[in-house]
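One-letter residues, chain by chain:
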Amino acid sequence: MPKSSFYEEEVYPSPMRQTWNEFQRNHIALGGLWCLVFFLLTSLVGPMLLPYGPLQQNTDALLLAPAWAANGDIEHLFGTDALGRDILTRVAHGCRITFGVSFILVILSMLVGCSIGAYAGMSRGIRSSVINHLLDAIMAIPTLLIAIIIVAILGTGLMNAMWAISLALIPQFIHQTRDIVRREFHKEYVTAARLDGAGNNRILFHSILPNMIEMLVVQGTMALSVAILDVSALGFLSLGAQSPSPELGAMLSDSLETAYVAPWSIALPGAAIFLMVLSINLVGDGLRTALKNRLTQ
Amino acid sequence: MNKLHWLGLAMLVPLGTGCQDLQDRTVQRQGLIYCSEGSPVTFNPQLDISGTTADAAAHQIYDRLLEFDSQTSKIVPALASSWLVSDDGLTYTLQLRKDVTFHSTEYFQPTRLFNADDVLFSINRWRLSTHPFHAVSGGTYPYFESLGLQEMVEEVNRINGYRVEIKLKKPDSSFLATLATDFSVMLSQEYADQLMAAGDPDSIDTLPIGTGPFKFERFRKNNYIRYQRHPDYWDGPAHQKHLIFDITPSSSMRLAKLITGECDVIAFPAQTELKVVEERPDLVLEEKPGLNVGFWAFNTNKPPFDDERVRRALAMAIDKNTLLDAVYFDSAVAAKGLIPPTSWAYDESQKEVHYNPVMARQLLDEANIPAGFSMDIWAMPVERAYNPNATKMAELIQSYLQRVGIRANIVSYEWATFRRLLRQGMHDSVLIGWSADNADPDNFYRPLLSCSAIASGTNRAGWCNPAYDDLIDEALRYTEEEIRQYYYQQANDILSAQMPLVPIAHAYRFQAYRRGITGLEINPFGGIRFAKVDKAMQ
Amino acid sequence: MLIYLGRRLNLLVITLLILCIASYILAFLVPGDPLINLSGNPSPSADQSAQLRLMYALDQGYVAGFWQYLKLTLAGNWGLSLTSQNPVFQDILQFLPASLELSFYAMLISLLVGLPLGIMAGLKHRKFADMGILSVSLMGFSVPVFWLALLLILIFALQWGMLPISGRLSLLYEVPHQSGFMLIDILLADISDKSAVLNDAIRHLVLPTLSLSIVTSALVIRLTRRSVINVMSSDYIKAAYAKGLSHAQVFWRHGMKNALLPIMPQLAMQFTVLLTNAMIIEVIFSWPGIGEWLIQAIYQRDFPAIRGGMLAVSSLVVIFTIAVDIIIRLIYPLSKRQFHAQV
Numbered sequence: 001m002p003k004s005s006f007y008e009e010e011v012y013p014s015p016m017r018q019t020w021n022e023f024q025r026n027h028i029a030l031g032g033l034w035c036l037v038f039f040l041l042t043s044l045v046g047p048m049l050l051p052y053g054p055l056q057q058n059t060d061a062l063l064l065a066p067a068w069a070a071n072g073d074i075e076h077l078f079g080t081d082a083l084g085r086d087i088l089t090r091v092a093h094g095c096r097i098t099f100g101v102s103f104i105l106v107i108l109s110m111l112v113g114c115s116i117g118a119y120a121g122m123s124r125g126i127r128s129s130v131i132n133h134l135l136d137a138i139m140a141i142p143t144l145l146i147a148i149i150i151v152a153i154l155g156t157g158l159m160n161a162m163w164a165i166s167l168a169l170i171p172q173f174i175h176q177t178r179d180i181v182r183r184e185f186h187k188e189y190v191t192a193a194r195l196d197g198a199g200n201n202r203i204l205f206h207s208i209l210p211n212m213i214e215m216l217v218v219q220g221t222m223a224l225s226v227a228i229l230d231v232s233a234l235g236f237l238s239l240g241a242q243s244p245s246p247e248l249g250a251m252l253s254d255s256l257e258t259a260y261v262a263p264w265s266i267a268l269p270g271a272a273i274f275l276m277v278l279s280i281n282l283v284g285d286g287l288r289t290a291l292k293n294r295l296t297q
Numbered sequence: 001m002n003k004l005h006w007l008g009l010a011m012l013v014p015l016g017t018g019c020q021d022l023q024d025r026t027v028q029r030q031g032l033i034y035c036s037e038g039s040p041v042t043f044n045p046q047l048d049i050s051g052t053t054a055d056a057a058a059h060q061i062y063d064r065l066l067e068f069d070s071q072t073s074k075i076v077p078a079l080a081s082s083w084l085v086s087d088d089g090l091t092y093t094l095q096l097r098k099d100v101t102f103h104s105t106e107y108f109q110p111t112r113l114f115n116a117d118d119v120l121f122s123i124n125r126w127r128l129s130t131h132p133f134h135a136v137s138g139g140t141y142p143y144f145e146s147l148g149l150q151e152m153v154e155e156v157n158r159i160n161g162y163r164v165e166i167k168l169k170k171p172d173s174s175f176l177a178t179l180a181t182d183f184s185v186m187l188s189q190e191y192a193d194q195l196m197a198a199g200d201p202d203s204i205d206t207l208p209i210g211t212g213p214f215k216f217e218r219f220r221k222n223n224y225i226r227y228q229r230h231p232d233y234w235d236g237p238a239h240q241k242h243l244i245f246d247i248t249p250s251s252s253m254r255l256a257k258l259i260t261g262e263c264d265v266i267a268f269p270a271q272t273e274l275k276v277v278e279e280r281p282d283l284v285l286e287e288k289p290g291l292n293v294g295f296w297a298f299n300t301n302k303p304p305f306d307d308e309r310v311r312r313a314l315a316m317a318i319d320k321n322t323l324l325d326a327v328y329f330d331s332a333v334a335a336k337g338l339i340p341p342t343s344w345a346y347d348e349s350q351k352e353v354h355y356n357p358v359m360a361r362q363l364l365d366e367a368n369i370p371a372g373f374s375m376d377i378w379a380m381p382v383e384r385a386y387n388p389n390a391t392k393m394a395e396l397i398q399s400y401l402q403r404v405g406i407r408a409n410i411v412s413y414e415w416a417t418f419r420r421l422l423r424q425g426m427h428d429s430v431l432i433g434w435s436a437d438n439a440d441p442d443n444f445y446r447p448l449l450s451c452s453a454i455a456s457g458t459n460r461a462g463w464c465n466p467a468y469d470d471l472i473d474e475a476l477r478y479t480e481e482e483i484r485q486y487y488y489q490q491a492n493d494i495l496s497a498q499m500p501l502v503p504i505a506h507a508y509r510f511q512a513y514r515r516g517i518t519g520l521e522i523n524p525f526g527g528i529r530f531a532k533v534d535k536a537m538q
Numbered sequence: 001m002l003i004y005l006g007r008r009l010n011l012l013v014i015t016l017l018i019l020c021i022a023s024y025i026l027a028f029l030v031p032g033d034p035l036i037n038l039s040g041n042p043s044p045s046a047d048q049s050a051q052l053r054l055m056y057a058l059d060q061g062y063v064a065g066f067w068q069y070l071k072l073t074l075a076g077n078w079g080l081s082l083t084s085q086n087p088v089f090q091d092i093l094q095f096l097p098a099s100l101e102l103s104f105y106a107m108l109i110s111l112l113v114g115l116p117l118g119i120m121a122g123l124k125h126r127k128f129a130d131m132g133i134l135s136v137s138l139m140g141f142s143v144p145v146f147w148l149a150l151l152l153i154l155i156f157a158l159q160w161g162m163l164p165i166s167g168r169l170s171l172l173y174e175v176p177h178q179s180g181f182m183l184i185d186i187l188l189a190d191i192s193d194k195s196a197v198l199n200d201a202i203r204h205l206v207l208p209t210l211s212l213s214i215v216t217s218a219l220v221i222r223l224t225r226r227s228v229i230n231v232m233s234s235d236y237i238k239a240a241y242a243k244g245l246s247h248a249q250v251f252w253r254h255g256m257k258n259a260l261l262p263i264m265p266q267l268a269m270q271f272t273v274l275l276t277n278a279m280i281i282e283v284i285f286s287w288p289g290i291g292e293w294l295i296q297a298i299y300q301r302d303f304p305a306i307r308g309g310m311l312a313v314s315s316l317v318v319i320f321t322i323a324v325d326i327i328i329r330l331i332y333p334l335s336k337r338q339f340h341a342q343v
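Protein chains in written order, with the UniProt record's numbering: chain A, 1 to 297; chain B, 1 to 538; chain C, 1 to 343.
Source of the hints: derived by calculation from the structure; they are not laboratory data. Here the structure is a predicted model, which is why all the values come from computation and not from measurement. There's no promise every hint is true.
Just a few of them, taken from the derived set where beta-carbon distance is under 8 Å, the chain B residues facing chain C [claimed, not checked]: (1) I33; (2) I244; (3) D246; (4) P249; (5) S251; (6) I259; (7) S331.
The list that follows gives simulated cross-link-like pairs (lysine-lysine, DSSO-like), each with its CA atoms no further than 30 Å apart [claimed, not checked]: (8) B:K532 x B:K241; (9) B:K221 x C:K194; (10) C:K257 x A:K292; (11) C:K127 x A:K292.
Glycine included, each C-beta is placed from N, C-alpha and C at the ideal position.
Could you build the full structure based on these sequences and the hints that come with them?
What follows is the structure in C-alpha cells.
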C-alpha cells in the first residue's frame, strides 16, 4: 500500500520481515505454503461442509468409482469404498486426524526437547557429556524405528502411537537447541547482557530465545513432515490408528483389500499424505533458504 | 511419473527381465502352487472339521476306503475295491486293494503294504477310548462324535489281511457316505507302532504318513506347506512333481498373486473380485452348485411363529428371485427344499410356495395377526457361501414384509454371541444356512430339523415333529435310493405344509485358477484334490 | 586417536548395556508373568517353572537376575517365541539377513543413482537441471514409502503382470539356507537350474528394492547437492579457477573429494533409515525379514519375540552407527563431531 510521505525515510524491516521477504521470492515455496493452507482449511472446515459422516455406510453404493469415471456418481465425488463410505469425506477427516495429530506431536516434543536442550546447553561437565553421548547414539536411530519399538512396548493404538512418535522426535529438538544455545552463549551480545548483570535464565529467555525462534520453526516443519509420515506409517501397519478410523495410513491399509477392484481407494489417501508432506517440505526448504540468505547478506 | 523412478528402473530391468524368455519352463512346470486361506490345525482330518485342514490333508496325503465321485457325488471304490452290505443292513464287508503303498519319507520307511490292520487302527483310534492313540493330540474327533458313531459301530473285525467287517448296532444307510467323507482317512498302523516305540506318538498328526497321491515334505506355519509326489500311488502317480500350499490369508493378496502368476490356483475368491477374474483372459473362474442351503428359519417355539399359517404367510410374502439377484449376484439357484439339485435325493416335484402378498395377508388375517405387527429378523454377521450378505438380505425381506403390514427389525450380534443367543432360542426368525459334509441327504434332513438336533443346536427352527423324525429314520433303514426317496418325499410334504423354515438358495462354489490348469474339479463338498491336475506350458 | 577410539567403544558398550537393561525391564513391565515373558514357555509345569526361575535367578533380586539375563543373552539364549515356540535368537539369525540383503541392494542403487545426480545438480546450481533434479528429489523424499510400494505393485505387477509381489523366491524352488543372503545362497547351492533360480530371485528383488531406493536416492541427492554447492563456492575452488584450471580439472582434483568426504557419515547413516523403511516394505511384499517378523510379533503380543527383535534391531543400528563413525574418523581424521543427518 503506497503511503504518501514527504520525507524519504529509510525503513529497516525486522528480521522476521526480512525472512518473509526472502521467502516470498521463492515461488515454489510460496506455492507450497498455499497448498499447506489449503490442507489446513480442509482439516479445519472440510468435514463440516461434507454431507456424509466418515463411518456412514451406504450399501447401495459399494465400491463406486470416482465421479469422472464412466460408472461414477456425482453424489460421491471421489467414489466409495468397500462399505460404501464416501472417500472424499474420509480423506477430509483423515487429513484432520493425521495433520492435527502430527501438529500436536511436534509442538509437544518441541516444548520438551527445547527445555532439555537449553538445560543441556547451559550445563557443563560430566552431565553434559553424558547427555551428549547418549544423544549421539539415539539420534542415529530413525524416529520410525524408535516409534515402532515404543509401540511394541506400549501396545497398539493411536494414543500410544502419539506417545511413541513424540518421544522419538524429542532428541532432535534437544540436539538442535543445545547446539544453538551453546553457540550463542559465546557471542558478544550475550556477554554484554551478562555484564549488565543478567542471570542465565534471563539471558536464555530474553537474549537467546528470540534468536532461536526461526531455527525452531524450520526444525519444526521438518519434524512435522517426519511426524506425518510416521503417524501414517504406523496407521498403515495397524500399529497406530485402528481400522474404522479414517486416519490416512489406516485407510490405506483398509483399502488394500480392494486394491485391484478399486484403485482409487488407494490413490486418494496416499496422494493426500504425499501432497501434505510435499507442501510442508517445500515450505521448510523455502524457510531455510530464506534464513540462510538473510544471515549471509 | 518421476524421473528417478525411471532411472532406477532402467538400471534394474536388464537384470530382472533380460532373460525372462529363457526361463526354464521345465522347472516351472514341475510344481503347482495353491494359495490357501490359512494354516491347518493338524494334518489329521479325523481331529478337525475345518475346511482348511481338509484341504491340506484329506485328499493330498490320505485316502479313504470309499470316495465320492466329484461329478455324480456317487460313492465309488477307493482303498476298498468292493463292499457288501448284509440284508439286515448291519454288517458291512469291505474288500481292500492289495497294491497300496504308504509314503516313504525321511521320517518313516514302510516295510509292508496297506492292509486290514491299518483299517482297524484308523477306525479304532476314534472309536475306542481305550485305544492307545485315542488320547493323542487332544483325543476329540468332532465329526464322528457329532454323528454318534462311537456308539453306532458295534465292532470292526479283520477277516483276513485284505478283508474287513464292520458291524453296526442299527441300520444306517448313510454309513457308506460317512466312510467316504474327508474325515474317514486311513492312517498307517506300522508308523504308529514305530512312533509309540520311539515315545513320540504326537508326530503321527504333525508328520503325517498316508497312502495319498502326495507325501508331506515340510510345513511352516502361516507360510507354506510343501508336498512331493508319491511315486507309487495306487491310482497312478500325481501329474505334478511338487505341490505347494502358499498360505495367504488376505483374499485380495491371493487374487494379486494369481494375476502375477505366483499362484496357479487360489482358495475362496471374494464375491467382489469374481468379476475381475472373469474379465481377465489369463484367468478362469469356474462355478458349480454346492451342496449347501441358505434359509430363513422361524423360531417355532415362540408365538405367533408356532402357527403354521403365519409361517406360510411369511414365506409367501417374500420374492426369492430378487434375493437371489441382489445378494448372490446370480451365483446361486433358488431352493425348493433342503436338498440341492446336485443330490440324487433332489425332489423335482416338491411343492413350492410362490410369491403372493395378497394370499399372505389373508393368511395373516386368519391367524389374527394385525397390520403393524412387529418381529425380529436375525442376520448372521459373517459371510458364508450359502449367504454372502445376510444383512442385505434381511433389509430386502424387511421391505417385503412391510408390504403385508409387518414391521421387521434387523438384529445382529458378533458371531460367537449370535450363535450362543440363537442356541438359547432368543430369536423370532434367523437368516442362516448349512453346508453338507457328505453327499447323503440325511446330512441335510437330520441336523437341520430333527428333534434330536434341537439339543445339538443345529435345528434353528426348534421344530420337532415325530412323524418327520420317523420318516427320516425309516429312510436310513434302506440302501435303495428309490425307497429312500419315497420317504424323503413324504418328509418334504410335511415341510412344505408346516414351513418351519423357508429355503432360499443353494449357492455355487467358485474356483479361480490360471488358464492352462486342467483337471481341477470342484467338489461340491469336502477338500480340494490336486492329484490329476495338469499345468500346461504357456 | 586412541582416546577417541576408547570413548567410542565405551559409548558402544554403555548403549548396548542400556538396551539390555531396557529389554530386561520390559519383561516385567508388559502384561503377563515375567517368567513366561523371559523364557517364552507358555505353560511351564511346576518342575520346569522352578528350573526356569533358577536359570533366570528370579528369586535373587533384580540385579542378580539381570546379570543372569545378560549372560544368557550373550550366550545366544533369548528364550522361545510364544507363538511358534522357536528359539528367538535362531529366528532372528534366520530373518535378519533377508532384511540386510534388501537394504544393502537398495543402498547400492541409491548411491549409484543419487551421487551422480546430486553432483550434477550441485554443479549446475540454479540452472534448469538443478531445479529438475531438486524437485524430483523433493518429491521422492516426501512420498510415503508404503504408498509408493502399492503404486508400483498396481502398475508393474497387477497391470502389466511383469513382476512377482511376494517373498524372496518362488516357492517352487528351494535353496538351502547357508549365509541367509539369497543371491549368495543360490550361487553356493548345488542345484541344477542355477540361472533360472537366480533370475527368479532377482525378479522378486526388483519391486521392493525399487520402492526403497527411490526414497533413499532422494535423500542422497539432497545431501550431495548441498555439499557440492558449499564446496564449489569456497575460496580454494575460486583459487583453483584463478590458476586457470578447467572446470573438469577443478572439480575432479579439488571439488569432488572435498564435497563427498564430509557427507560420508551422513550417507552411511541413510542405511539405518533404509532399514526402517525396509520393515514396512517387508510387510507389503511378504518379505521374510526381521521387520515382518517383528511386526507379526507385535500383533500377536509375543513378548519374548518383541524383546528379542527390539534388542537385535536397535543394537544393530547402534553398532552400525558407531562403526561408521570410527571408520570415517580413521580415513578422514579432519571430520569433527558434526555427524548427524541434516536433511
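Going down the list of hints, with the structure as the test:
For I33 (chain B), the interface hint holds, since its Cβ comes within 8 Å of a Cβ in chain C; the closest pair sits about 6 Å apart. Interface restraint check for I244 (chain B): the shortest CB-CB distance to chain C comes to about 5 Å, inside 8 Å, so the restraint holds. With a cut of 8 Å, the hint placing D246 (chain B) at the interface with chain C holds, because the nearest CB-to-CB distance is about 6 Å. With a least beta-carbon distance of about 11 Å to chain C, the hint placing P249 (chain B) at the interface is violated under the 8 Å criterion.
Annotation: S251 (chain B) was flagged as interfacial toward chain C, and the flag is violated, the nearest CB pair being 14 Å apart, outside 8 Å. At about 6 Å, the closest approach between the beta carbon of I259 (chain B) and any beta carbon in chain C falls short of 8 Å, and the interface hint on this residue holds. At about 24 Å, the closest approach between the beta carbon of S331 (chain B) and any beta carbon in chain C exceeds 8 Å, and the interface hint on this residue is violated. Restraint check for K532 (chain B) and K241 (chain B): satisfied, since their Cα atoms lie roughly 11 Å apart, inside the 30 Å limit.
Taken as a hint, the K221 (chain B) and K194 (chain C) pair is honoured in the structure, with Cα atoms around 28 Å apart against an allowance of 30 Å. For the suggested pair K257 (chain C) and K292 (chain A), the alpha carbons sit about 25 Å apart, so the restraint of at most 30 Å is met. At roughly 19 Å between alpha-carbon atoms, K127 (chain C) and K292 (chain A) fall within 30 Å of each other, so this suggested pair holds.
Violated hints for the displayed structure, listed by number in ascending order: 4, 5 and 7.
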